[in-house]
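Using the sequences and the accompanying hints, generate a full structural model.
Protein sequence lines, in the order shown, are assigned to chains H and B. Using my numbering, count along the first sequence one by one with no gaps and you end on 1312. Using my numbering, count along the second sequence one by one with no gaps and you end on 247.
By construction, these hints were calculated from the structure, which means they are not laboratory data. Careful: at least some of the hints might be erroneous.
[Stated by the list, open to error] Here are the simulated lysine-lysine pairs, DSSO-like style, with alpha carbons at most 30 Å apart:
no., chain 1, residue 1, chain 2, residue 2
1, B, 149, H, 1142
2, H, 1156, H, 1142
3, H, 1142, B, 47
4, B, 136, H, 915
5, B, 2, B, 101
6, H, 1156, B, 163
7, B, 236, H, 1156
8, H, 916, B, 163
9, B, 101, H, 1142
10, H, 1142, B, 136
11, H, 1156, B, 47
12, H, 1142, B, 2
13, B, 230, H, 1156
14, H, 915, B, 118
15, H, 916, B, 2
16, H, 1142, B, 163
17, B, 118, H, 1156
[What the hints assert, rightly or not] Computed from the model, here is a short list of chain H residues facing chain B with C-beta under 7 Å:
no., residue
18, 912
19, 1035
20, 1140
21, 1152
Glycine is no exception: its CB is placed at the ideal position from the N, C-alpha and C atoms.
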Amino acid sequence: MLGLNKKDMNLLLLVAGLVIFAPFILNPFPEGSELAQFNAGYPDLMQRFVIFGIFAIGFNILFGLTGYLSFGHAAFLGVGSYAGVWMMKLLTMNVVPAIMISVVVAGLFSLLIGYISLRRSGIYFSILTLAFAQMSFALAYSVLTPLTGGETGLQLSLNDPRVLGISATETGSIPVTHFFGLEMRDSFELALGSWLFTFNAGYYLCAAVMLIAFYLSIRIFRSPFGMMLRAVKSNQQRMKYTGLNPKPYTLAAFVISGMYAGLAGGLMVSMDPLAGAERMFWTASGEVVLMAILGGAGTLIGPVLGAGLIKYMENILSKINSTILHEWFAFMPDGIEDVMVTLVYPFIGKGWHLTLGIMFMLVVIFLPGGLVEGGQRIARLFRRRGAKTDDSGAEQSQNTPAE
Amino acid sequence: MGILEVKGVGKRFGGLQALGDVNLSVQENSVHAIIGPNGAGKSTLLNVLVGKLIPDTGSVMFEGQSVLGRSPHEINQMGISRVFQTPEIFGDLTVMENIMIPCFAKRDGSYRLHAFETVLHEKELVAQAEQILIDVNMIDKREMHAASMSRGDKRRLEMAMCLVQEPKLLLLDEPTAGMARADTNNTIDLLKEINEKRDITMCIIEHDMHVVFSLAERITVLAQGTPLVEDIPEKIKGHPKVQEAYLGQAHG
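Shown next, in the form of C-alpha cells:
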C-alpha cells in the first residue's frame, strides 16, 4: 500500500497511531495528582514534539544516509521561520502560504550554502556549515534588523498590510493564525474522570504534516536515490568508478533536509507567529545532531524518538525544583532526605543538560545505533528466548539495514 | 585501430618522470597485460586511463574519443570499468545493493533524482542483478553485509559489480594480489570465461607471471615509465630486454 512494503507500512501506522492518540498517551496521570507534572499532553509541547520530529527526520536524510554532518541546520529552520512570518505580515494569516514559502526559501538558502559547503567533506564540511549558520545568526541579529527584527525578533503588528486578510480584528488586536478559518489555537478539552485531555487544532495540523514528512522519508530511504546516498557514505571512490557523480546526490540530500528544516520553521511560526535569531544559534543546530544520534542516525524512527525525548526532558525535567524533590524523598529520615536531594538536584531543573549529556555519553558508548538499537537488542533477546526450539529465522532479519 | 589507443603519454611528479613516452594499443576483445618491475609506472598509467590523473603530454583515445580531462564517472559511463588492487565495494550495504547500484548507474546515467521509485520494484534490474550473482556463484550471499565477507568474496563481488555494467573495457589492477593459488586459478577461469562469453576487452596489470601467461594475448612490458617491448606471450618469455629489466644486467 502507498508503495510501501508491509514492515514499513506497519511502522507508518504505528507512528500515525502515536501522534493521533498523543493527547491520551502523553497525559497518563490524572490532573492534580503528584505525577501530573510528568504529563506532556499540553498543546504547546505536543506541537514542539512533532515540529522537532520533522526537523530531525530531515536532518537524518542528510546525516543518516550520506554521513555528512551539518552543524548549521538551524539556519534553515530560522530562515524558514522569518519567511513564514513575512508571509503572514504581507499576505494572509492562513498558514498554508506561510508554510509553503518557508519550505521554498529554506530550500533556496540550503542550495546556496550546500553548493559551497559540499566542496569539502568530513570535519571541514561541518565547520563550513557551522560558519555559515553563525554568519546567518549574526546577520539576523544585527545587520538585517529591518528584515528580521534583530534582537526582539520578527513579530506581527497592527500596521501589517496583509493584502488578503485584515490588518487588525474588530476589537483592535492582531488576528490569529488559521487554516482556512480553523484557528490554530482552537482546542477541545475532554474530561474523563479526573483526567483532562486537550485536542488542539494546531497540533493536529503539525501532526498531519509530520506524517506526510515521515512517509516521504520512508520512500526516500527505500528509493534508488536513498541507496545512492548510502553509497556516498560507504565509498565515494567506488561510486565514481561506477559511473556515478556523488556531488549532485549529496547536494540534493542537503537541499531536501534544508527544506524539511524550513518546513519545521514554517510550522513553528504558524503555531506562534514570532521568529527570533536565537533559533539559528549554533546550539540549536547542535540539538538536532543530538536528536538524530540519540535516537539512531540512519534509522527511520530514531530521529523522531530522539526529538521527542530531548524535548520532553527540556520541558518536563527542567520544571522539577528542590521543593518537589523534597516531597519525593519525604519518606526518608530527615538527614538522608537532604543528602538525596543534594545528590539529585544537579540533574534536574536547570541541570537537565547534565542528565542529557550523561545519557548521550551512555548511548554513544553502549548503543552506537541509538535508542533504536537498544529497542532492537531487547526485541532480539525476547525473540531468542521465545524461539529457542526452532532456531534459524531470527538470524536472517538481523542484517536488514535501516529499519 | 584498437579500442584503446595511448599515444606519447608522459607524466612527471616533481623530479620523477613516472611515465615517459608511452604508446599502447589494446585490440577489441583481447586480453592485454601490462607487466613491469615495481615503480615502472603501471599504476600511474592505469590512473591516467580512468581519469584520476591527467598526463602532461600525449593522448588517450577510447573508441575514437579522448578520455583526457573527463572525470572518472564520465569515463566509466563511456564503458571503462575498473577493478582495484584492494577491493573497493560498498561495505555498509548488502551484496544485492552493491550490485543494484551499478545497475542503476548503467540505466540512469551518472545522476538522477529517483526518490519516488522503490529499489525492489525495478523487476528488470533485480533480475539482472540476480543473474550476475548466480554467474559469480554468490546468490546465497545476497543479503549479507558486503564488509563482513572474505577478501576473495569481496573481489568477486567487485568483479560482478563491474560486469553487470557490461563495460567495453575492463581494467584490472593486480586482480589476484594476495590470493591463494586455488583462488588465483578460480579468478583466471572466471576472467577467461568473461572474456570469451561477454566480449569484454581486458587490460590487466599483474605481477604474477602465472596469471599473465595463462590469460594474456598480448603483453606490454613497462620499465622506468617507458614500454620496452610489446609482443605475444611466447616471445616475451625469452626476450633478453625483459630479463634485463626484471633481473638486472647479466654481466654487471
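Right, here's what the structure says about each hint:
1. With a C-alpha separation of about 18 Å, the suggested pair residue 149/B and residue 1142/H falls inside the 30 Å cut-off, and the hint holds.
2. With a C-alpha separation of about 12 Å, the suggested pairing of residue 1156/H with residue 1142/H holds against the 30 Å cut-off.
3. Taking the CA atoms of residue 1142/H and residue 47/B, the gap is about 20 Å. The hint holds against a cut of 30 Å.
4. The hinted pair formed by residue 136/B and residue 915/H meets the criterion: a straight-line CA distance of about 23 Å does not exceed 30 Å.
5. Restraint check for residue 2/B and residue 101/B: the C-alpha separation of about 29 Å stays at or below 30 Å, so the hint holds.
6. Between residue 1156/H and residue 163/B, the direct Cα distance comes to roughly 26 Å. Compliance with the 30 Å bound is thereby established for this hinted pair.
7. Of the supplied pair hints, the one linking residue 236/B and residue 1156/H is violated, its CA atoms being roughly 47 Å apart against a limit of 30 Å.
8. Among the hinted pairs, residue 916/H with residue 163/B is inconsistent with the structure: their alpha-carbon atoms are about 41 Å apart, more than 30 Å.
9. Proposed proximity of residue 101/B and residue 1142/H is supported: the alpha carbons are some 20 Å apart, at most 30 Å.
10. Using a Cα cut-off of 30 Å, the hinted pair residue 1142/H and residue 136/B holds, with the two alpha carbons roughly 22 Å apart.
11. Our distance criterion of 30 Å between C-alpha atoms is met by residue 1156/H and residue 47/B, whose separation comes to about 16 Å.
12. For the hint linking residue 1142/H to residue 2/B, the alpha-carbon distance of about 37 Å lies beyond 30 Å, and the restraint is violated.
13. Note on residue 230/B and residue 1156/H: the hinted pairing is violated, with a Cα-Cα distance of about 47 Å set against a maximum of 30 Å.
14. For the given pair, residue 915/H sits about 18 Å from residue 118/B by alpha-carbon distance, which is consistent with the 30 Å threshold.
15. Under the criterion of a C-alpha separation no larger than 30 Å, the hint pairing residue 916/H with residue 2/B is inconsistent with the structure, at around 57 Å.
16. Between the alpha carbons of residue 1142/H and residue 163/B the distance comes to roughly 28 Å, so the proposed pair stays at or under 30 Å and holds.
17. Under the criterion of a C-alpha separation no larger than 30 Å, the hint pairing residue 118/B with residue 1156/H is consistent with the structure, at around 28 Å.
18. Interface restraint check for residue 912/H: the shortest CB-CB distance to chain B comes to about 6 Å, inside 7 Å, so the restraint holds.
19. Interface hint at residue 1035/H: violated, since its Cβ lies 20 Å from the closest Cβ of chain B, which is beyond the 7 Å cut-off.
20. With a least beta-carbon distance of about 5 Å to chain B, the hint placing residue 1140/H at the interface is held under the 7 Å criterion.
21. Residue-level restraint check for residue 1152/H holds (minimum Cβ-Cβ distance to chain B is 4 Å; threshold 7 Å).
The earlier numbered hints that this structure contradicts are 7, 8, 12, 13, 15 and 19.
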